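Chemist: Here is what each chain is made of, one letter per residue.
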Amino acid sequence: MPETELQSSTNYRAPPNRSTIAPAWTGRRQVLGRLVRLALKELRETLRDRRTIVTLVVMPLVLYPILALVFQRFLLTSLTTQGAKEYVIGVDSTQSMIRLQAQLDAGDRILRAEHAAGGHDEQDETEYEVTSGSVVWGELPSAAVAEKCVVDALVHLAAIPRRGLDMESHADNDDDGLDRPLVWKLTYRRGSPTSEAALRYVESRLNAYSESQLDQQLKTLGVAIELPAGSERHAIDFSGAPVFSLAALIPLILVLMTVTGAVYPAIDLTAGERERGTLEMLIAAPVPRAGLLLAKYVAVLAVALLTAIVNLTGMAITSHSTGLNASLFGGAGLSLGVVIKVLLLLALFAAFFSAVLLAITSCARSFKEAQAYIIPLMLLCLVPGVVCLMPSLEFTGLLAVVPLVNIVLLARDLLEGHVDPMLAMAAVLSTGFYVVAAIGLAAQIFGTDAILYGSQSTWSDIFRRPREPQASVRLSTTALVTSLMFPCYFVLSATLARSQEIGMESRLLVAALVTTVVFLAIPALVALFNRVKLGSGLGLVRPTVGALISAVILGFVLWPVAHELFLLNESIGIRSLQVDQLAEVKSLLDRLVHIPLVLILFALAVVPGVCEEFFFRGMLFSSLRTVTTVWRTIVVSAVLFGLFHVVAGTVLTPERFLPSAFLGLVLGGVRWRTKSVIPCILLHAVHNGFVLAVVRWRDELAARGFGIEEATHLPASWLATAVVGIVVAVALLVVSTRPSRSPVS
Amino acid sequence: MIDIHQLTKKFDTGGRELVAVDRLSFSVNAGEVYGLLGPNGAGKTTTIRMIIGLLEPDEGYAEVDGFRTSRSPDEVKARLGLVSAGDGVYPWLSVREMLLFFADLYGVAPRQAKDNLQNLSQLLDLTELLDRRCASLSTGQRQRVTLARALIHAPPAMLLDEPTRGMDVLGSQVVVDYIGRLRNEGIAVIVTTHRLDEAERLCDRFGLMHEGRLLHEGTLSELRSATGCDNLVDMFRQLLQPTLAASS
Chain A
5 MPETELQSST NYRAPPNRST IAPAWTGRRQ VLGRLVRLAL KELRETLRDR
55 RTIVTLVVMP LVLYPILALV FQRFLLTSLT TQGAKEYVIG VDSTQSMIRL
105 QAQLDAGDRI LRAEHAAGGH DEQDETEYEV TSGSVVWGEL PSAAVAEKCV
155 VDALVHLAAI PRRGLDMESH ADNDDDGLDR PLVWKLTYRR GSPTSEAALR
205 YVESRLNAYS ESQLDQQLKT LGVAIELPAG SERHAIDFSG APVFSLAALI
255 PLILVLMTVT GAVYPAIDLT AGERERGTLE MLIAAPVPRA GLLLAKYVAV
305 LAVALLTAIV NLTGMAITSH STGLNASLFG GAGLSLGVVI KVLLLLALFA
355 AFFSAVLLAI TSCARSFKEA QAYIIPLMLL CLVPGVVCLM PSLEFTGLLA
405 VVPLVNIVLL ARDLLEGHVD PMLAMAAVLS TGFYVVAAIG LAAQIFGTDA
455 ILYGSQSTWS DIFRRPREPQ ASVRLSTTAL VTSLMFPCYF VLSATLARSQ
505 EIGMESRLLV AALVTTVVFL AIPALVALFN RVKLGSGLGL VRPTVGALIS
555 AVILGFVLWP VAHELFLLNE SIGIRSLQVD QLAEVKSLLD RLVHIPLVLI
605 LFALAVVPGV CEEFFFRGML FSSLRTVTTV WRTIVVSAVL FGLFHVVAGT
655 VLTPERFLPS AFLGLVLGGV RWRTKSVIPC ILLHAVHNGF VLAVVRWRDE
705 LAARGFGIEE ATHLPASWLA TAVVGIVVAV ALLVVSTRPS RSPVS
Chain B
-12 MIDIHQLTKK FDTGGRELVA VDRLSFSVNA GEVYGLLGPN GAGKTTTIRM
38 IIGLLEPDEG YAEVDGFRTS RSPDEVKARL GLVSAGDGVY PWLSVREMLL
88 FFADLYGVAP RQAKDNLQNL SQLLDLTELL DRRCASLSTG QRQRVTLARA
138 LIHAPPAMLL DEPTRGMDVL GSQVVVDYIG RLRNEGIAVI VTTHRLDEAE
188 RLCDRFGLMH EGRLLHEGTL SELRSATGCD NLVDMFRQLL QPTLAASS
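Chains as they are written, first to last, in the working numbering: chain A, 5 to 749; chain B, -12 to 235.
Hints are computed from structural coordinates only; laboratory data are not their basis.
Predicted model only: the values in this text are computed from it and were never measured.
A few of these clues could be false.
Unchecked claim - Per label pair, the in silico range of CB-to-CB distance:
1. B/Gln109 to A/Leu386: 51 to 59 Å
2. B/Leu5 to A/Val640: 42 to 50 Å
3. A/Val631 to B/Gln225: 47 to 55 Å
4. A/Gly37 to B/Arg83: 17 to 25 Å
5. B/Glu187 to A/Gly281: 26 to 34 Å
6. B/Gln105 to A/Gly281: 20 to 28 Å
7. B/Gln109 to A/Pro473: 49 to 57 Å
8. A/Gly281 to B/Arg3: 23 to 31 Å
To be verified - In silico DMTMM-like pairs for lysine to aspartate or glutamate, Cα to Cα no more than 25 Å straight-line:
9. A/Lys45 to B/Asp118
10. A/Lys590 to A/Glu568
11. A/Lys152 to A/Glu200
12. B/Lys101 to B/Asp118
13. A/Lys223 to A/Glu118
14. A/Lys537 to B/Glu46
15. A/Lys223 to A/Asp112
16. A/Lys189 to A/Asp112
17. A/Lys223 to A/Glu373
18. A/Lys189 to A/Glu200
19. A/Lys45 to B/Asp102
20. A/Lys537 to B/Asp45
21. A/Lys45 to B/Asp61
22. A/Lys189 to A/Asp156
23. B/Lys(-3) to B/Glu50
24. A/Lys537 to B/Glu43
25. A/Lys345 to A/Asp417
26. B/Lys(-3) to A/Glu472
27. A/Lys45 to B/Glu115
28. A/Lys537 to A/Glu472
29. A/Lys372 to A/Glu279
30. B/Lys(-3) to B/Glu43
31. A/Lys679 to A/Glu472
32. B/Lys(-3) to B/Asp9
33. A/Lys45 to B/Glu84
34. A/Lys189 to A/Glu207
All residues carry an ideal CB built from backbone N, CA and C; glycine is no exception.
Turn these sequences into a full structure, and let the hints steer you where they fit.
Modeler: Okay, structure coming up:
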């Protein structure tokens, strides 16, 4: 049928009237399903693209065998090119050294003669060249420490005679070996190229010498006898790091490969959409931009994860099949457990990098522009990989929150078999926050008119201050701020904790300053910039008197429940503080006794109460409330509140999560009922103040029969009193915040 | 169905403020085809983008079916179908997958989406193309797919921004014919085009824009009496005369 003709049809459905238009993306049950379908469409489109397949499958298939060949060649040439390589051979005595040297010299002469005569095949020649070198002798304190000396890399090889040498009968008389055969126990380190080369050096010469002697004996006697200078191998499996760890290169390779997998889909699904002319169609649909972005994020993440899995599998298979396993990963090789751990870490990295890539490519208006942005980022990725190669670099608290560096260092430690769980948690947590930050940033940029119609708008439009007052800070902005606050808080807290020279009073004041900057000043600046209304955006609403009284009561009665939750941690195995750290905490508490109570209450009760509530129940609560239900808002704000409280100076204390999150839930409930952050401030400050007062006067309380041991459960009567208090406070809260009596903003 | 009230948009072009759309007001009823005409840079596309909420107006507002774009953007988007000259397709998806994907985006139930797809395929002659990858479509075929994509959720109003740009005569005839059909279906249509001959045949009313302002509005006969010109081409010449004189 020609294109100009239209088929006439009488069954075309007339456009629906206003009431039948589907309110797209408004039903909460449908949102998730549509999000999944949206992500699947993005993924389907990406995976059908040949370029993705090339990056995903073909690259690893080609890369790892080539890398394996390079590594093997590297190991080989590092020995062959060093013709004068010195092997440090440890012996238990001077006699052993004399004896072994004589046998090695004899063997070397034979090998050299064979080599010069040309009566050897190619393999022999290679063996001779590879094992050529010189020997440096080291005398071991005793035969018993031979293994330790090899493990500690003091010697490349230890050579101990199976029987002690009787110098009277053996000294300077090689031929005595005919009567008393000598067997050397050669201890070397499996997986160490140099140690294995030293083994081959010694073995090849002893074998040559033995064979030569055997030939002579057979000619002379005509009977078979034992070898005069036999040897047997004794390999040690070493679990620690190899002397030169190629494992340090592995995280870099995996990171780069994962990045490579994620780059193309990230560009294609953002800048590519814009270039194809499909982005405008998407933005014109009744779908929240954040929903579109999230679907794209899931698709990019899925491809990045697939790439990571394919690469890791390729690497594992190649290293096993080429025998490089031990050389690359030490004695134990690349075990399944390590593979799974590295994969989890790569998943974290993929989550981080996919979000960063989307944030960057969302800024681009074309494929080329996106590539121009990505290339510097890829180069930047090399930095942590190279940094990671520095053997002296330790994975410390500060590095645990540096993006990318933390993941690479964690991967390195994981491959080398020693990971600090606290640092690992800090790295995972901070990376999680960075993911949220990057997605928040991408949500600010993705699909804006500056990107859609770049010629008509400028970049400043994206971060332009709104002209009209806003009901609340946008969630993407709050997510960005929250994510940047975490590393700031971590670094500032850790710096303060390490500053031992500061006195206790000053320390308290600085802690108050840190809390003020992080939880009050930064959010307040953001709120001010966005012209956020004090009432709806920050919860600064006058509460009822009943709500205030209820908050004070809750402040006094919540701590027993929080205390029990703290104890619950131990029963479920969460305990991070070591004995020395507990002692330090106790010492700090003892020193509090000498500090004026007003200062303590100001720094640890009033300031946290005001500042933390301003952010968590003020700005964050209002932002979350614009996109989700009350209950989800309360839970998410409480979880974040709990996570921030896990940071305690230089250490992370997961045992603080449960009690803090519990308080966060109650504070969220109070914020919801009262619509005001002021009762939350009161509750928080009273709670902290009361706990501090109890700690300060714990000795006096104990003297009056109210002793509270930190590690024991509270008496049932105390808990019952607390429960009654909570019930009364909640009842008062409900009554005082009935809709008919709700406060006026 | 569509009400535009004092719609204004300004752009900052290197320190100089450009008023792309200047206090624009007009209405389009259901079953009416409104031709928004004007030379390049008149502000037609910017107006359409503001109506659907892709650009935020500096002043004024647009309402679709009683919903204001600034207050209920999703309600407005759900009631509009947009076809732009620069619309693309997803090269790796089949036509069917792409159309059903957009139906899902607009919240159309799967069964309803399949019915709509079948009807549109017959009307726009897409049946043979449904299982072909979009990458393999010709320009005319793509344009028909784009039209089907904008109609898959059966919107009560359509915005067509240069829907025939880049198409040959035969291809653009399909689109023009279909716009006539939309009017018969009771859909309110705003169309911008350079094809003034087609616009004369197709549109019930016209708005002549120049430098962001609506200079004349009405039916063809009203415009004739207002401008003293017989056809749209002459009206355009008259419209552009001051600009041409200034530049020469």
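Chemist: It remains to establish, for every hint, whether it holds in the given structure.
Modeler: Structure-based check of each hint:
| no. | hint | result |
| --- | --- | --- |
| 1 | B/Gln109 to A/Leu386: 51 to 59 Å | holds, 57 Å |
| 2 | B/Leu5 to A/Val640: 42 to 50 Å | holds, 43 Å |
| 3 | A/Val631 to B/Gln225: 47 to 55 Å | holds, 52 Å |
| 4 | A/Gly37 to B/Arg83: 17 to 25 Å | holds, 20 Å |
| 5 | B/Glu187 to A/Gly281: 26 to 34 Å | holds, 29 Å |
| 6 | B/Gln105 to A/Gly281: 20 to 28 Å | holds, 26 Å |
| 7 | B/Gln109 to A/Pro473: 49 to 57 Å | holds, 52 Å |
| 8 | A/Gly281 to B/Arg3: 23 to 31 Å | holds, 29 Å |
| 9 | A/Lys45 to B/Asp118 | holds, 16 Å |
| 10 | A/Lys590 to A/Glu568 | holds, 19 Å |
| 11 | A/Lys152 to A/Glu200 | holds, 16 Å |
| 12 | B/Lys101 to B/Asp118 | holds, 14 Å |
| 13 | A/Lys223 to A/Glu118 | holds, 20 Å |
| 14 | A/Lys537 to B/Glu46 | holds, 22 Å |
| 15 | A/Lys223 to A/Asp112 | holds, 22 Å |
| 16 | A/Lys189 to A/Asp112 | holds, 19 Å |
| 17 | A/Lys223 to A/Glu373 | violated, 82 Å |
| 18 | A/Lys189 to A/Glu200 | holds, 14 Å |
| 19 | A/Lys45 to B/Asp102 | holds, 21 Å |
| 20 | A/Lys537 to B/Asp45 | holds, 21 Å |
| 21 | A/Lys45 to B/Asp61 | holds, 21 Å |
| 22 | A/Lys189 to A/Asp156 | holds, 18 Å |
| 23 | B/Lys(-3) to B/Glu50 | holds, 20 Å |
| 24 | A/Lys537 to B/Glu43 | holds, 21 Å |
| 25 | A/Lys345 to A/Asp417 | holds, 11 Å |
| 26 | B/Lys(-3) to A/Glu472 | holds, 17 Å |
| 27 | A/Lys45 to B/Glu115 | holds, 22 Å |
| 28 | A/Lys537 to A/Glu472 | holds, 10 Å |
| 29 | A/Lys372 to A/Glu279 | holds, 10 Å |
| 30 | B/Lys(-3) to B/Glu43 | holds, 10 Å |
| 31 | A/Lys679 to A/Glu472 | holds, 23 Å |
| 32 | B/Lys(-3) to B/Asp9 | holds, 8 Å |
| 33 | A/Lys45 to B/Glu84 | holds, 9 Å |
| 34 | A/Lys189 to A/Glu207 | holds, 11 Å |
When the structure is compared with the earlier hints, a violation turns up for hint 17 alone.
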